[in-house]
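Whole structure, please, built from the sequences with the hints as guidance.
Protein chains: 2
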Amino acid sequence: MGFFARGIETAPRAAIETHQFARLRSLLERSSLDNPFYRTKFRAAGLGSLQDVIEIARSPDRFRQLPTSGKQELLDDQAAHPPHGTNVLSPSPPFVRQHQTSGTTGTPLKVWETRQSWEWMTTLWLYQLLALDITPVDTIFMAFNFGHSLGLWNVLDAGMQLGALTLTGGGLTSLQRVDSIVHNRATVLVCTPSYALRLAEVAADNRIDIRRSAVGTIIVGGEPGASVAGTRDRIERLWGARLYDSPGLTEVGHIGLACPHQGVHLVESEFYVEMLDPETQRPVGPGEAGEIVVTNFGRPATPVIRYRTRDVARPVYDMCPCGRTFMRLEGGIIGRSDDMIVVRGVNVFPSLVEAIIRECGDVSEYSVEIVGTQDMYSLRIKIELDADCTGGPETIRRRIEDTFHRRLYLKTDVEVVPAGALPRSGAKRSRFVRVEADKPSLK
Amino acid sequence: MGFFARGIETAPRAAIETHQFARLRSLLERSSLDNPFYRTKFRAAGLGSLQDVIEIARSPDRFRQLPTSGKQELLDDQAAHPPHGTNVLSPSPPFVRQHQTSGTTGTPLKVWETRQSWEWMTTLWLYQLLALDITPVDTIFMAFNFGHSLGLWNVLDAGMQLGALTLTGGGLTSLQRVDSIVHNRATVLVCTPSYALRLAEVAADNRIDIRRSAVGTIIVGGEPGASVAGTRDRIERLWGARLYDSPGLTEVGHIGLACPHQGVHLVESEFYVEMLDPETQRPVGPGEAGEIVVTNFGRPATPVIRYRTRDVARPVYDMCPCGRTFMRLEGGIIGRSDDMIVVRGVNVFPSLVEAIIRECGDVSEYSVEIVGTQDMYSLRIKIELDADCTGGPETIRRRIEDTFHRRLYLKTDVEVVPAGALPRSGAKRSRFVRVEADKPSLK
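Going down the list, the protein sequences come from chains S and L.
All residue numbers for the first sequence refer to my numbering, where the first residue is 139 and numbers rise by one.
All residue numbers for the second sequence refer to my numbering, where the first residue is 139 and numbers rise by one.
To be clear, the hints were calculated from the coordinates, so they are not data collected in a lab.
Even for Gly, the Cβ is constructed at its ideal location relative to N, Cα and C.
Any given hint could be a false lead.
[Claimed, not checked] Just so you have them, the derived chain L footprint on chain S, three or more residues with Cβ under 8 Å:
no. : region
1   : 295-303
2   : 335-343
[As the list claims (entries may be wrong)] Some chain S residues flagged as far from chain L (calculated, every beta-carbon gap over 10 Å):
no. : residue
3   : 161
4   : 182
5   : 199
6   : 271
7   : 321
8   : 418
9   : 506
10  : 518
11  : 524
12  : 540
13  : 562
This is the structure in C-alpha cells:
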C-alpha cells in the first residue's frame, strides 16, 4: 500500500494541524501584504496589520475570524479586473497554464498556474496514484478530451512521473476508446462515473466483453455517482474492476484521495479544510453533514482562503484501515449545498435520490426534474430500462414511485423513455434540473 | 537572438560531426547488442561483431555501409510483433507515452516514449522556441486538438518550461479559438499552415480584425505550405505576423528549427542527417534536392537509424545570418519523394504547384488532382476565389492555365468552385490527389 508522504499521511491529528498552521501562517502573511483581493478582505474584517494576521493563524478558532470567500466574489472580481482579477500576488511569477471551471453554474472562473503550482497540482495526483499502488507496470487510460477543463491534465503528468504508460484518449469516439483500452491492456481507467457507464454500454452494444479487459482500477471524479452504492456496484460489476472516487475542484485543486479501502480522504497536508454547517457557518461534528471550506497551500500566487466549495460531506477522523489519519468523508461527497432540497425538514441531496433509483434496480439511465410548490417538492423522473431488466415498465415505474414515497414521503412521477433517449456525456453534468422559477427558497 | 546550446549550434562543421559520431557510436553499440530489430539488420549487412559496428561509426563514408530503414519495415515489424515490434531495447525502460503517425499513407506507426525520450522531445522544442526569442512574457496559443498525434504535445511542455503562458486550444471551434487568441492576447500561434488560413477566414467572416491581435509569430509544421512563398506571404499578410516553418516527424522527432531569418535548419546536435538522392542513395551536393535520411540520438530505446523520411529538401551548409552552422534547407521541405512527379525529366513537387497557384493571386483555397497518362501528367485544379479578387473567374482561370503551361509545359484544367466548397481541416492533409490507377511509375 503506497504513500506519497507516509509521515504526514499517517500523523496524529495534532501533528497535521501543526503542519497546516505553519503553512497557513506563511500563506496569510504573504496574502495580507501582496495580494490585493485578500488584503482588502482582511482589512474589511478588521485585520489591518501583519500582527493581526499572525495572531489569526494560531488556532482553528481564531482562524474562523477570517471571512470566507466564494466563487461569485472571485467571478465578480475577474469581471471587474480582467483577466486575472485582483487575487494575484504582486509581483506575480509568470503563469504557464490557464484553465477554467466547467461553468455548469454560469460564467466559468479562470484559474492560472505558475510552474510551481503546476508541479503542486501534479503532486496531488501523485498522492492519489501512489495510494492505489499504481506503478510503472500499469497503463493508465484517460477517457476524456483534453480541453479547457483542468481535470485530468495533471493525471497525465503524474502518471508519466511515476513511469506508467499514460494514454490520452482525446479526439476518439467512445468505441475507439473501448478498443484502445482493450488493445493497450490498460489496467487503470480515469473518467467520470457516467462515462464509465457509457463506455460499458458502448462495449456491450459492440459485443466487447470489458469484464475481460485488463482494467482493475477505475478512478472517477466530477460527479457524485461514485459514492452512491448502487452506481458504484453497477460500474464495478460491468467492468469487473474496483471503483475509487477522487474528487477535485478546478478553483481549489485536487483535494481528494481515494484509499484502497475506497474511503475518500482529503489531502490535509496540502489543504486546510473546515467542515461547516452551510446555514450557521459553525463547525459540524464527526459524522454530521457540513460544507467543505478550503484553504489551499500550493497556489500562493492565486490562493483560495476559506473558500466555500458548496460540496457537502460527513467528516470522520478515526484512523482508516489504510493507515491514513487524513479526514475521511463518509460516503464521499454527498451533495452540493446549492442542490439541497428540504423536504419536511429533511435535507435531501441528489445523491440520495440517485441511491434510491439505483436500489430499485433495472434502470440504465435517468434524469430528474425537481418541481417546487410552496414548501413541498415533487420529482419528475425519466428512466431508461436495463436491456436485461426483469420486470415490465409498469412494475418498475410503480416500484420507484412507491419507494420514494415510503422512504422520503416524496411524490414522484416516473416515466419510462426509450433506451438512448436521455442525454449522455463524458463531461461532468447534472442529471437534476430544477423547474418553476416561482419556488420557495432552497436553502 | 536566443540559443538552446549556442556552442554546438554555431560550431564549425567538423566539430558538429565529431559530436555526432560520438553519439552515433554509442547508439550503434547499444542497438547492435540489445535491439533485436537493428541487430538483425546489422548482421544481415555483414556487420556481425561489435568491432564491425565500431568501425562503421568512424566516418560518413563508412556509416553509409549500414542499411537504411523505412516506415513500411517498421510497420511490418509492429504487425508481426505487437504492440512494440522488435525495435525496442531489451530490457527496455518503462514507456510513459504512446502516439502514432497521422496515417495518411495507411496504417499508423506507433511510437513510444520513455521519460528520458519525452524530455528529449521537449528539448527539441526548446531549441525552436528559444531560437525565436520566446520568453515568459509570451503567450503561446496551440490551435489544435490534443489527440493521438504527437505533434504539439511537446510544445506545451517546452512552453511551460520556458515560463510562457501556454494555452491548449483543444475542444474549441475555430471561432472560439480566434476569440481566445484575441482575448488572451496570444503573441505566438502554433498550428498548421492551412489552419492558420482557416482561422483568418473565420475571423474575417466574423468581422474580427486579427491583424490587430497580439500575434506576431506563427510557428507552423505538418504541411509544406509555409515554405511556399505565396502561401507564406498570404498568411503573414492576413495575420500581420511573421511565419516560421518548423518541421518534425512523429517517428523521428522534431527535427526542424526555424531561425529568425526564417531559414529552416535541422537540429544536427540531436540527429545525424544525410541528404541522399532518392534514386541512387548517394549524397547530394549543396543546393541539390535530396531525401532526408535520419538517425536520432534521443530515443535510444526505440531509435531510427538511417531512416528514410521521404521528405525532400535542398541542403545548404553556409553560415546563416542567425549565426547557426546547422544544415539549412533552402526553401524548407520541398516535397515528398513519394509525391514527386517527373514531367519531361523535371522533378515537380506539390510545393511547386502550390507556389505557381499562389503566384497567380486571387485564390483563397484550391485542390489538385494529378492525372497520369503515359509519360505525361496533367493537373485538374479546383479553386475558390478571394472575396476581394480583382479579376473575373474566367480571367483567373486562364491566368493559372497559362502560367502552368509557360513555366512547366504542363496541361492544366482549372475550375472555379463556390467559396467554401473545398474541404478545410486543422489536421495535416494533402491538397493533392492522384487519380487513375493505371498510371506510369512515379519514381
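How the hints compare with the structure:
no.	hint	result
1	295-303	holds (count 6)
2	335-343	violated (count 0)
3	161	holds, 25 Å
4	182	holds, 31 Å
5	199	holds, 40 Å
6	271	holds, 15 Å
7	321	violated, 7 Å
8	418	holds, 41 Å
9	506	holds, 28 Å
10	518	holds, 32 Å
11	524	holds, 32 Å
12	540	holds, 43 Å
13	562	holds, 17 Å
Violated hints, in rising order: 2, 7; the structure is consistent with all others.
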